[in-house]
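K.L.:
Can you make the complete structure from the sequences, with help from the hints?
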Amino acid sequence: MTGNDVISSRARPILADVYADGDAAQRWSDTLLITWLNEGTRLIAEKRPESLLTAAYTMATYADIAGIGDTVIVPDKYRDALTDFVCSRALDQDSQDERDLERAKGYMKNFASKAGISLALTGGGA
Amino acid sequence: MITAYTGFVPSMAVRLPDCSPDMLQQALWLAGRDFCLESESYLQELTAIDSVADQKEYTLTIPDDFDALRVFEVRVLSEYDVTNSLKGVVQDASKYDFHVKTGVLEFFVAPFQEIITGGLVVELVLAPYEDENDTQLDFEWIRRWGTYIKAGAFEHLFSMPKAIWFSEKEEKKFRMKSREGIALAIREVKTSGTTRPLRINGRGWL
Chain A
1 MTGNDVISSR ARPILADVYA DGDAAQRWSD TLLITWLNEG TRLIAEKRPE
51 SLLTAAYTMA TYADIAGIGD TVIVPDKYRD ALTDFVCSRA LDQDSQDERD
101 LERAKGYMKN FASKAGISLA LTGGGA
Chain B
1001 MITAYTGFVP SMAVRLPDCS PDMLQQALWL AGRDFCLESE SYLQELTAID
1051 SVADQKEYTL TIPDDFDALR VFEVRVLSEY DVTNSLKGVV QDASKYDFHV
1101 KTGVLEFFVA PFQEIITGGL VVELVLAPYE DENDTQLDFE WIRRWGTYIK
1151 AGAFEHLFSM PKAIWFSEKE EKKFRMKSRE GIALAIREVK TSGTTRPLRI
1201 NGRGWL
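Chains A and B are the protein sequences, given in the same order. Read in order, the letters of the first sequence correspond to residues 1 to 126 in my numbering. Read in order, the letters of the second sequence correspond to residues 1001 to 1206 in my numbering.
Hints are not guaranteed to be accurate.
[Unchecked claim] Keeping only pairs whose Cα atoms sit at most 20 Å apart, straight-line, the calculated EDC-like set for lysine to aspartate or glutamate is:
#, chain 1, residue 1, chain 2, residue 2
1, B, K1162, A, E46
2, A, K77, B, D1018
3, A, K47, B, D1018
4, A, K77, A, E46
5, A, K109, B, D1018
6, A, K114, A, E46
7, B, K1169, B, E1180
8, A, K114, B, D1018
Everything labelled a hint here was simulated from the structure, so no lab data went into it.
P.N.:
Here you go:
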């Protein structure tokens, strides 16, 4: 799973942040979304340390991704959870809008559920 | 046919879908070692050793990636025994010591007065390392006790307080199952897999 799989293929379409002609958008920069992707990945790695197991008794060292094409360190099964996390953070940024705030909370709840992390440990939603 | 612990993973993943396969395998390795440590039922006969006249100490070759827990049986064979594939004479445990750290079997009196090829047969109680490459395990034995080793793995996993699957109730259930397996394995070793009653033999003083 690369940063693209989360950000470009999933989070941006959900956030309606893709132009019709396919050009990259945008409301949120790759740099910003990568920052949130790393934040979510780190949270999973901290709260679900087994996500860093690459084989029995072999644990990877956590590392942020620097570019959108880099491979995210946790397994693919967390892809949807990370998408929810990125969307939550992005919508939280627009939280002057009450509806976006509610959506942000909903996505954070989904993240916690899919990642198997207590919602309280995520900050309780946006 | 299951030939490694990974063969147990699919049936365990159904019960614990949130747990990664690597973690399930890790728990199986740990449970397998615990089962061996507690039941002392993983026995392995070493390649027969050539005797040396008047030698009291024999350094055993412990299988790679295993801890030797103790000697289960030592047999001394005559040339006639070796030629005719007989078992030889089982040595009373009071006649030798086994130094676990060095793997040296030390007889108090030299058991041979002559060289006999394959005259010394030793069976050891072993436990695989926790991070054992499990392809070296005797999987006939693993399959025999697999249900209980899996129970031990579940017991270990359900007892992890920070894990989302933590459950005291499940832990207790699997602990009982695991204990049951260990008790059965102990009994099987003590009775050599027969229905003979358990008999405790005290170690001699001489």
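K.L.:
All hints are to be evaluated individually against the structure, with a verdict given for each.
P.N.:
Hint by hint, here is what the structure shows:
no.	hint	verdict
1	K1162/B / E46/A	holds (11 Å)
2	K77/A / D1018/B	holds (10 Å)
3	K47/A / D1018/B	holds (13 Å)
4	K77/A / E46/A	holds (16 Å)
5	K109/A / D1018/B	holds (17 Å)
6	K114/A / E46/A	holds (15 Å)
7	K1169/B / E1180/B	holds (17 Å)
8	K114/A / D1018/B	holds (9 Å)
Checked against the numbered hints above, the structure violates none of them.
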